[in-house]
Each structure stands twice: as structure tokens, then as C-alpha cells.
Amino acid sequence: MNRKRNPLPGMGLGVGLGLVFGLVFGLGVMVLGSACPNRAGGEDTVKVRRRPPLTGAVIRIRIPADLPQIPCLLRNHTWCDRMLVHTVYEPLVRYNVREGKFNGVLATGWKYLDEGRTFQLELRKNVKWHNGKKVTTKDVKHTLNQLQNNSLYQGHPASRLLREHVERYSYPTDHLFEIRFKKPFGPILELLAAVPIMPAPKTLGKPETNRERIVGTGPYRFLQWWPTEKIVFSRFADYWGPSGRSYRLEFHVIPSMALARKKLLAAKLDLIFDVNAIQYKRALNADGAKYRPFSIEPAEFAYLALNTQRGPFVDPRVRRAVGLLLNRSKLLGAMPGRRPRFLEQPVWILGPQVRASKGTGMARASAQVGQLLKAAGWKKTGKHWNKGGKPLAFTVVTATRFTAFNRGLKAVRRDFDDAGIKLRVAKLLWGELVVSLKQKRFDAIALSTPLYGPWSDLIDLFHSRSITGGGNHAGWKNEKMDKLLEKMMRQVDQTKRMAIERRIFQLLAKEAPIIPLYAPRNIGLARKNLANVVPTPLWMDLSRLVLK
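Throughout, this note's numbering is defined as the position within the sequence shown, counted from one, plus 922.
Derived by calculation from the structure, the hints in this document are not laboratory data. Fair warning: there could be bad hints in the mix.
Below 27 Å or equal to it, Euclidean Cα-Cα: the simulated DSS-like pairs (lysine-lysine) are [stated by the list, open to error]:
id, residue 1, residue 2
1, LYS1418, LYS1296
2, LYS1450, LYS1185
3, LYS1362, LYS1432
4, LYS1362, LYS1418
5, LYS1432, LYS1450
Label pairs and their calculated CB-CB ranges [said to hold, decoys possible]:
id, residue 1, residue 2, range
6, PRO1094, LYS1050, 54 to 60 Å
7, SER1217, VAL1347, 27 to 33 Å
8, GLY1310, ASP1036, 53 to 59 Å
9, LYS1296, LEU1074, 42 to 48 Å
10, LEU1181, LYS1470, 21 to 27 Å
Being a predicted model, the structure only gives us computed values, none of them experimental. Ideal Cβ positions, reconstructed from N, Cα and C, are used throughout, including at glycine.
Full structure from sequences and hints, please.
Following this line, the structure appears as C-alpha cells:
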């Protein structure tokens, strides 16, 4: 799963904004080095053929695809991320949504020195790796060095930020770690929360088995991998944190959702994700169902990038007019097969949200649209807006295989026709769509972007230097925005940073280079005897699951 901007909003991709609200949850790095999977299925050596007996309570979770390899976390594999976050690996800090602040995980304290040029962390003492060795600042330095300098990880957004902003690392003691920046760097906590710490080579030793390669500090340790069948974790007895109940987490590879639901009903599974609308409805209507639905909001949102370098969207007033007319409720309502309860939740609201269900709502929107277009020099001739003899029209580029979203665009087309604007849809093959995106051969294109940590780098999204080779797909140039983004990046005071961010989003609402569409929802089913099913904006904290 590529965590950069992806064509087409939320379509099978892996939600406030990370650098906007400072929310971030750990994804990131894993033990280095490739390893061939243990095809024999044993946990101790590649020669073991017989499966050792497993005992204890088991929580069984369905995953739709097997791991491609081990290690795999930086291989852009969605389910690898989901399985390992909060379980096997841990970052230095995590953001607590309820408290609205960062909490220490492997770090117990931190502070800026030298007017923001140096960031100092104090590590938690007596934390053990799964192989029994203690965590030290050497492990932290190794992790960040590898992420910054190893070509294997240069596609990771945290890698780019480290290369751009870090001058050096140092560790005065085994539990005191310092990062020296080239200039003050504000979002360091967001970045560190996205980087699970891995053991240094000396700490890891010479691993010969999968279990020896997957070494973290979390409440669960990697136990076994039976390719195409299941992956097993067991509770780590020497975990530094709260002692939880001793379970095994079994991730069963079941590509068929229909089969997964049958196994759930037969009490052979406890948790499944990615339930579609039909399966969700069946679950609610099932007599004597022993499971309940829950929803997860993936850390992303969908939007339309408007090409500000050509066509009608050169003028921000036209961009704002289109944002007013786009009825999100109707767009999503025409996509019933996508996911249930994926409600309208635009992250950035460009003007008042308009819903046709409010009767005169669209009429009011049309009136505001008319004022904006007249101010931009457009004239209405008959039913359509024209300028210089050309009608006001634009094309949304999307992919042929995403039929649900295309159906949603078709549903909102009538609103634009009624307002005198022609909306067209160009359905391209995936490769053609990517080329159009890179070469900016589009009026508007459907995209999605993560919302947390280094994956939501606002400089990459909106700075003019990111137009070529970056995430500024709208091609938007604004000198005031560039200065605000650079100022925000240097600000180490969180309160002052948020004040700058508010100014940034006021400018975005005025200029409207993008139109937010929605934050997707993912529905799952859990057996009713499974407690602490706690979704997070990243995914879910699997380490908290408890069987009643």
C-alpha cells in the first residue's frame, strides 16, 4: 500500500490531519534484511516439518492475503502493517486522541534545546526485546540511520524528512538520545510516532529463523508462520507495560469473504474486516447472530485535485463554485456496494456543505455559485455559463475499474447541469491515469491521501516546490502559502504551530486547489464474546483484545 497520494479516493487503499492536528499513529519500519519464508512451517529452524502443539486461548482474525515475505513492514503490505502495529513493534511516542497529546511509549520524556535545533529523548529503562536483550539508544540510532540512509527505505516519507532536516544523532548515555537538526524542526513527534524501533545488528544477533528475525518490544511476539494458512503471535511474558491476559493471536489467510463469514458464524473466527454492504446487511438481519459490527476510519481522506495551471480552474472563484455544487451525500449515496456507513465526512470544508435533501439547499448553492462565476467574468447564456464563447465545462479523470465512484459522479452530474456547468467523466485504465496525473493532463482527478504523521506532510501536499515530483498534484503556486508552510515546519511550540495551521486552512478554503470528498469507513464484524474492539485512526489496537 503506497502511503503517498493515490489515484482514486479510498478505493482499496490502506483520517484531523497529522500535521494539522498533530495526530499520528505508528506505522513504519521493521527488522531489516530480507528473509525467505519458512516453507516448512516450523518456528525454530527451517528443517522442522511437524507443527509443534499450541496451547492457550486463541483470538482468530481473518486476513485476506498472505504475507509476501518476512520482514515485510516497509514492503507496502497493508496487512503486515495492521498486524504488527501495537503488537510486535512499538514507537518512541504515540498520540492519544482522547487526551489530545503525545504519550511516551519507549520514551518517557523529551524536550527541545538550543532554540529548537536539538531534540532530546529519554528512553524507558529496563525494556527488553523479545530475544531478552535490553533496549538502548544504540537501537534508536540504528533505526533512524537505516531509515534515513538505507536505499531500501527511501520511499518512506519519514526517510525524506530525516534526510532533509537532520544533521546528526548522538547518544550521551544508553538512555539519552539527541537529534540535531539543520534548522528547528517542529513535527518531530509526529515523525517519531510513525517509526517503530528495531534492534541494532548487535542486539539482533545472527537470526536463522523467522522468529529470530521478527524481534520487537511489544506485548506480543512473533511465533509462527505457515504460508498461505496463518501467522501466529504469542503474549510476551517480559513485556514492560501492563500485563495482559495470555492469548495467541492467529491471523488466518482467507481470501474469500463469504468463507470468512461462514467461519465466523461457526465460531471458527473472532474478527473479520473489510465487510461490504451486502454482507453487513446480512449480518444485521441474521437470526441469533453472535457477532456485532464495528467501524474503522482509515487514516486517509478522498479529494478532487483541481488543475490550477490550465482551464477553468486557474481562477480560485471557479474552484470554490465547483466545491459548493458538489453534493457529497448524493455522491456517496450512489456507491452502496463500496462499504456500509461510509458517511460524508469531508475533512476540509470549502464553504457551506450542501445537501439536496434539504429541499432548497441546491438552489441556495446555485445562487452563491452564480455570484462567484459572475465575479470571475463568466456570463450565463440560456442555461449554461460561457466566457469568450466557450462553455464552462470540466472533466474528472478516474479509473475504469472503480465503477462505484464513477456511478457516484454520474449521480451528481445533474446538479452541475442544472447550475449551467458541464461535468464530464473520463474513465482511464490505471496506467493511463497515472500518466495523466504525472503530466497534469486533467482538469480534475480523484485522489486520496493519508492524514497522519510524515504521510501528511503539508509541504509535500501544497508547497510550490512539490509540484514536480511531489504531492502537489493541483500544481498550485501561492507565495503566501509557501511562507506559512515553511514557518509551520520550523515552529517547535505546538500551540503556535496550530495557529499557523489555522491560517493555512483559511487560505486553502479561499483558494480551493482541492475539493474534499469524504473520509472512508471500513466495517468489520466481531464475535460478541470479544471485548476491547477499539478502532484507532490507523487501524485497531489488537493488543487490547480480550475474550470474555
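Status of each hint after checking the structure:
no. : hint                          : verdict
1   : LYS1418 x LYS1296             : violated (38 Å)
2   : LYS1450 x LYS1185             : holds (15 Å)
3   : LYS1362 x LYS1432             : holds (22 Å)
4   : LYS1362 x LYS1418             : violated (35 Å)
5   : LYS1432 x LYS1450             : violated (47 Å)
6   : PRO1094 x LYS1050: 54 to 60 Å : violated (22 Å)
7   : SER1217 x VAL1347: 27 to 33 Å : holds (29 Å)
8   : GLY1310 x ASP1036: 53 to 59 Å : holds (57 Å)
9   : LYS1296 x LEU1074: 42 to 48 Å : violated (55 Å)
10  : LEU1181 x LYS1470: 21 to 27 Å : holds (26 Å)
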